[in-house]
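Q: Read off the chains here:
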Amino acid sequence: MKRTLIGLFFILLAVWISAVGFRPVAEAGVREIRIADGKGDWGYPNPYRHYPRGPGYVRMSLVFDTLIWKDQKGYVPALAESWSYDPASMAFTFKLDPRAKWHDQTTLTAEDVAFSIDYFKKHPYRWISVDHVDRAVVKDAQTVVIHLARPYSPFLSDIGGTMPILPRHIWSRVDDPKNFNDPQAFIGSGPYMFKDFNKAQGTYLYEAFPDYYLGRPKADRLIYVRSGKPLVSLSQGQVDLANIQPDMAEPLKKKGLVIIRDERGWSKKLMINHKKAPLDQKVFRQALAFAISQREIIDKAHRGFATPASYGLLSIDHEMYNPRTPTYAFDPAKSRELIASLGFERGPDGTFRKEGRPLKLEVLASNVTVAGESVADRDGEIIKKQLGEVGIEVDLVHLEQATTDSRVKSWNFDLAISGHGGIGGDPRILNEMIASQYGAGSVNSARYDADPRLNELLEAQMAEMDPARRKEIVFEIQKVYAEDLPAVSLYYPDNLSAYNPKKGVVWFYTRGGISKGIPIPQNKMSLIK
Amino acid sequence: MKILDGKQSGLVWAYFVAGLLMVYLSYSLPGLLPGDFVTAMYAGSHVALNADQEAELRAQYTEQTGFGRYLFDLVTLKWGYSYAFLAPISELILETLPWTLLLMGGAHLISMFFGFIAGVEAAWRRGSLLEKACVGPMTLLEGVPEICGGVLFLLVFALYLGWFPAAGAETAYAEQSGLEWVADVGHHLALPLATLVLAYLPGNFLLARASVVLVRQAQFVQTARAKGLPPWRVRYVHAARNALLPMVTRFGLRLAFMVTGALVVETIHSYPGLGTLLFKAIAMRDLPLIQGIVLFSSLTVLMINLGLESLYRRLDPRVKHAS
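Top to bottom, those sequences are chains A and B.
Following the working numbering, the residues of the first sequence are numbered contiguously, the last one being 634.
Following the working numbering, the residues of the second sequence are numbered contiguously, the last one being 332.
Incomplete in silico selection of chain B near chain A, CB under 10 Å:
#1 L42
#2 E104
#3 A127
#4 G171
#5 A176
#6 Y280
#7 G282
#8 T285
Rough simulated footprint, nothing fancy, chain B against chain A, three-plus residues with beta-carbon under 8 Å:
#9 229 to 235
#10 495 to 507
None of these hints come from the bench; they were simulated from the model.
Computed from a prediction, not measured in an experiment: that's the story for all the values here.
The beta-carbon is built from N, C-alpha and C at its ideal position, and this holds for glycine as well.
Bound conformation, chain A alone (with noise of 0.2 Å):
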């Protein structure tokens, strides 16, 4: 007994000191960046490896430069120092930055940027689509001129600011992108150098590329963790950025961290099956929006934290948001007024019946990725709530993201709560979310075709390469859409994080997000002077 009690104490005795004693401290010198995300692993960071979700692609961004980028006001030189647009011939001409050069010294010109564009048409990297542009004509060593075959309005937010540039010399001899594991692979323009991705741990190692064109990079080193608990990784100065719910704002606050706030790029929808009766009227549909209280959700299961979303799809904040877009206050009278006039009957227990069947619909629920941080879903229960008490009898189904996804991909659904980013970015968005032509491979697309007018906008605004009349025409689509909804937005959480300021280096939620649209602050602007 007295041994077991010794042996215990030095056991004891152990942990005490392994906790206390020898904590690693960085080397001095070494100055070094850490970012923390909940999930880690979000693949190898070159165009053909990395995951097709916001953070996969920032990871990626770091190595491989594009030819415009953005900042918090708007699109800033990269490889590109400056670029115009000739209308008569449709063409974009790039003017190169003559210090731009790859990570193994060689010189980045417009032969890259040329053989990126023909390299992309024989390997799509899903990001953007060269399939508006004719062909790339390189005038001179820092000159090229994009010719478009048919105008193509979101060209210079595609192929300007997402479409990153590949090394001629090195990919001119790969056949197979994805399988091609070299080291040369992840040879970019960058300001970071890609070093290790360890699969095991969720963690990435960049190191600064001193001799990056628009200046050496802040940090040497730049290091990516994964930890679930932001709030205890912050407040140890473990990691200096992550990602934060709302209720984390204050305590972080007290330890002298910043807390920034992203516009509302981020927004939750109510998906709707409208190949399926009664949802097929748009009178129905109207009715649903009618019977759901925005801010009702907002309070009950966010605390609040959320703001009321546009029911036009664009983001409040988008700089083309049609402030006249329709919308449906909390209106339970209306809504039960609109379901009679398409022959319901309201039963002795207050729910609709049709030829003696009760009206019941069922809605998918599951843990939606809101960020790159996947978050169970609470809203199902309040919707249920809210069409009950309307009269529709709703049955909430919570599912595996990926079954939920596959059935509302095979129509099998009525509804379904999912979410997406990209809202603030190009309005090209629309036409993902809501024509299969563009979106049918996507969950979060409503894959609506019944409208010819919303159709034939649709296709206008990606035609319309003057901004102020594309603008007119995106009015139009935001109102339409918000009539017919086919699908109902519901609102945009509010999305916060926090950084440690002492490390020298502001970061920042980009204006209509990173690239497309990715709701982080991950922009590597903040790492350059």
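Here the structure of chain A is known, so what remains is to put chain B in place on it, guided by the hints.
A: Below, chain B without anything else, positioned relative to chain A:
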């Protein structure tokens, strides 16, 4: 001495057939999951695919080889590539396995060791105040789930006191060597390990105590006492040894849950491990990886069971196989 007699070789054959069945199940079951890799990766992503692009991608991922081919590949050590990581399955499993062994193995060994000793001592003092004071709280603790303990530890030791880190297995890319690295790993291991030990300890304690209580009054124990042997020898070499069989069985069975057993703790502490890898693979419908981990896990269970069978004989020579 023959390693396996006739009865035992029959046993090995039975295990072989079971193994084959498990290979078949791990090959066919993951394919029955609703949804597929393309849906899991792209359906909710920032990239909106149109119908043609989706079909094109899907064609790349849905060629499932026949079972015969799969078996052949397994035996020739071609375990395939993960869809998501594009890395060999064996590499992924080997990278995460050490962390799982460290956490689970360590937790089991420690809780087995201390549970056993505490159980024996408590059984020996049956009826005393000390014993009563132990059994009650231990039974209570047995009912407390790991998630409770884990979050509590994090709150107290990581958030309030700041003594231990909140996440990870080691400080990423800290470039430490030797003893410093070992200390760092230990520092990160402390909280998850403590959570698991606390979760496993009560069960081991109660089992050990119950087993020893049964043998306390036996004849041979009285004989040992009468022989004048020192008390610890009577307790451990003579009495507790008979309680070893259920403990070893429990240890073996628990080890079989190695892959998923620590999933909750791994998730709370963001600790890498096979459980987390499997969970993510299922969420992403990464079929080869799911098949690989399920197969690895089920074969491990079989091997452990087989090992236990031969161990029983050595622990307790009275154990005979059914004739």
